[in-house]
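Please dock the two separately framed chains into a single complex, following the hints provided.
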Amino acid sequence: MLKLLEPVAAALSGSGCDILAAVGRAMGPGEAAASAWGKVSQGAGRRGGAIDALDAADRRTLDQLFSQLGETGRERQELLLSAVLNTLERSLDQARTNARSAERLYLSLGLLLGLMLALIVI
Amino acid sequence: MESIARLRGLLPAEVGEALAARAGDVRELRLRAGRPVQLRCASGEWLSRAPLKADELDRILDALMDYSWYAREAELREGFFTLSDGCRVGVCGRLVWDGERVTGMAEAGSLCLRFARAVPGCADVVWPRLLDRDGLPFSTLILSPPGLGKTTLLRELARRLSEEGRNVCIADERHELAACHRGVPTLDVGPRTDVMDGCPKAAAIPRMLRAAAPEVIIADEIGGAADAAALAEAVRCGVRVIASAHAGGFRQLYRREGLAGLDGVFELGALLGGAPGHIAEIRKIGEEWHAFRTGNLRGGGVRAVRKRPVRLCPAQGGDAGGAGRGDQGAADADAQAAGAGGGGAVRLGV
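So the protein sequences, as listed, match chains Z and B. With this note's numbering, the residue at position 49 of the first sequence is 49, and numbering never jumps. With this note's numbering, the residue at position 173 of the second sequence is 295, and numbering never jumps.
Heads up, a few of these hints could be off.
What the hints assert, rightly or not - The list that follows gives simulated cross-link-like pairs (lysine to aspartate or glutamate, DMTMM-like), each with its CA atoms no further than 25 Å apart:
| # | chain 1 | residue 1 | chain 2 | residue 2 |
| --- | --- | --- | --- | --- |
| 1 | B | 406 | B | 286 |
| 2 | Z | 39 | B | 177 |
| 3 | B | 175 | B | 150 |
| 4 | B | 175 | Z | 31 |
| 5 | B | 406 | B | 385 |
| 6 | B | 406 | B | 355 |
| 7 | B | 175 | Z | 6 |
| 8 | Z | 39 | B | 150 |
| 9 | B | 406 | B | 256 |
| 10 | Z | 39 | Z | 71 |
| 11 | B | 175 | B | 139 |
| 12 | Z | 39 | Z | 55 |
| 13 | B | 406 | B | 254 |
| 14 | Z | 39 | Z | 6 |
| 15 | B | 175 | B | 246 |
| 16 | Z | 39 | B | 184 |
| 17 | Z | 39 | B | 180 |
| 18 | Z | 39 | Z | 52 |
To be verified - Partial list, computed: chain Z residues near chain B (C-beta under 8 Å):
| # | residue |
| --- | --- |
| 19 | 7 |
| 20 | 8 |
| 21 | 9 |
| 22 | 33 |
| 23 | 74 |
| 24 | 102 |
Unchecked claim - Pairwise CB distance ranges (calculated):
| # | chain 1 | residue 1 | chain 2 | residue 2 | range |
| --- | --- | --- | --- | --- | --- |
| 25 | B | 172 | Z | 5 | 34 to 42 Å |
| 26 | B | 224 | Z | 85 | 26 to 34 Å |
| 27 | Z | 106 | B | 127 | 36 to 44 Å |
| 28 | B | 228 | Z | 85 | 57 to 65 Å |
| 29 | Z | 42 | B | 269 | 41 to 49 Å |
| 30 | B | 240 | Z | 5 | 25 to 33 Å |
| 31 | Z | 10 | B | 269 | 47 to 55 Å |
| 32 | B | 199 | Z | 101 | 32 to 40 Å |
| 33 | B | 360 | Z | 28 | 47 to 55 Å |
| 34 | B | 150 | Z | 95 | 31 to 39 Å |
| 35 | Z | 43 | B | 246 | 53 to 61 Å |
| 36 | Z | 47 | B | 224 | 26 to 34 Å |
| 37 | B | 269 | Z | 5 | 26 to 34 Å |
| 38 | B | 165 | Z | 5 | 34 to 42 Å |
Since the hints were made in silico from the structure, they are not lab data. We put the beta carbon where it would ideally sit given N, CA and C, even for glycine.
With the rest of the complex left out, here is chain B (with noise of 0.2 Å):
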């Protein structure tokens, strides 16, 4: 990888080497000032001896935006860039804030550096389930804690589902999904996909739907209204749409305020936990997350199921969201749900 080799001349030799030699399975990359270095691999962790200075951190920063602050100031501004390979560097330090939002970054203080990588043969166990009669997918919303795999799943399914002729658009803003470089996917999205990046969601799937006739958008971490309202708006036009969105469980989507506007938008939720990649639950959500926001959903202080929610794949003992990071208690509350629809559910296991 592009950024595994840049970096290895940017880092202390000692790290350097440690990347070097996990280049096949590292995921992430923290870099603290003055902490040892982190190296978070699929088989493990690994901790420098030696902490990093903090004119190092500046070096390695300064060097990876190219020393071209002016380019990065906007995506800074938002806490993270993204490097040309669709490795995103998130940074955290000093921001500078003016009483209504934030201007700049000051001060760089510890950088997170997540390592894009296509993962062929990851969506083959959602595949089957996400495809209707006609061959296109339901709108489909997956769903899980940072850093267990989203990205790479909507961007094999952008992939799958553009070899399998349909026409594909990713709203790629924060440049993971396609990396493109001067325009150009870096990574394989396959050969019918077009890609609107480095802009909002809310701003380019307007923008996708008039100029590209899109069967398929694909956008990643939903994460406010106007995205909501964007993508409702695609469906509204007959456009399917996958996406992603930060939740531990379906029970914390459905609290999320910002998403409200998604009631009604997606047919299924694929949930991930447990480990990265690994497909905790699929779930028909349309309706079960219109009964929570109406109040008719059982469990959690709201009234009885009017309606049972149906699963494509069952649980084993309670909610999935329970498999990655989420609240307990949200977990509960969903096992509760499905314990109200009769369960039957399959598990998949990836």
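Next up, chain Z with everything else stripped away, as it sits in the complex (with noise of 0.2 Å):
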């Protein structure tokens, strides 16, 4: 079947995203992806939740892309998914960094509480 052009519930619903997925289904008669995004971002949200270790930068740039998606044609569309996508990486690249930084701080600390172990042992 072809898939091209689908509305955006059924883009969602199959995009093999469970996130997504929620927001697709949510989607229905007076619901809007924005109004379905607001429903199912609360729950997932809550401490464990699918998008839970998500900073407020990022939600933010999830809540303006639901705020516009299916809103206009389809250039003002793939203006936006580029856009946020631009964004989204600029994101990863940031927690990337973050993360070596992190890891190297723990692999510092546990360095020297491994020595300062050995020390209080010995």
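Here's what the structure looks like:
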């Protein structure tokens, strides 16, 4: 079957990503992407939820995406999606950098603690 | 109907209830920002007390488009889109024009929803007259102003021909004839019917000829030279075609420059008029169309008819084109032409 130009709800539902599929399922008559995202993100943002790990900036980016998803023509939607993708890629790079710093920090702390433990025990 | 159930939840309560109460015979729902909502039914008209607010219209339009403007963009440029059950949503508003073509629609000011419905038996009157000795239909053009049942009649003819064992192909550019959802017709168009939808008829017809070996091709609302050329080619390939076009009478049809390429393509013309679904007249149009175009048809300032126009069904006082919303001048000219042919026709009342 042709999948081109599917409506937002069908595209999200078939995305293979749990959180996006949940938004797609939540959309319906009288329920645009923005309000469906609002409902889904409330539950998924709780402690231990699917998007609990996202920081405030990431969530704002996603709020912005869903507020405009499906609301304009194809060209503007492509611009929106590429802008959001760029922002998320920058966030991912930042998170990787932070992770490497944190990795070095924890490695140093671990070595120091091990050394201290060795000194105390010996 | 799916559209009616869906609309009921989107419309203001007063309108939703009125629509549900008239679900059986509603034909059109018209929504205009700042104006009362209008329901046009077979039994009459209903107007809401309260006007529809502009933001309500926007909300309804967004919901009807599944909150997916991008997916409807190409259709909106043409002024309409079609819901999954074949209901056509016409959209009027501010178009974006780049100097050469419409590139989009900036704002919507009103919607006209036309509900598609199958009417089994609506082709009973025309059916025996459309078939030749071999049981194949004559190539036939169905005419009327908008809203008199051309599409419904075409759908019923597709179903009947298909049930009679003919391989039928439908070029369903506007998704109204078969209302396909994911390639599968949701309206009954018969067991031996294939549908190509969502693309211009001029593109669909050659592909159907190659892909589906049709005996009959059916197309709705022929509107331009490209459509006409594709149909003419199908007829030259030995396929019968049944199509519809907007025209208030036969003369108006012959005058449509965009359809000049259809001269010689159709054997019969069926004119709807008077009321939705009523067959006002069936006429052999092949020779008459050609005579009109070559200036040999009497009436309207052209020369006398060389051959008498043959009517399968006759008129009671003038051309049935006037029965619809056609111009009276054309109707009078048609009546004159009928007189030249000696009359003797048979009017089909439905």
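In rising order, the numbers of the hints this structure does not comply with: Hints 7, 8, 15, 24, 27, 28, 31, 32, 34, 36 contradicted; others consistent.
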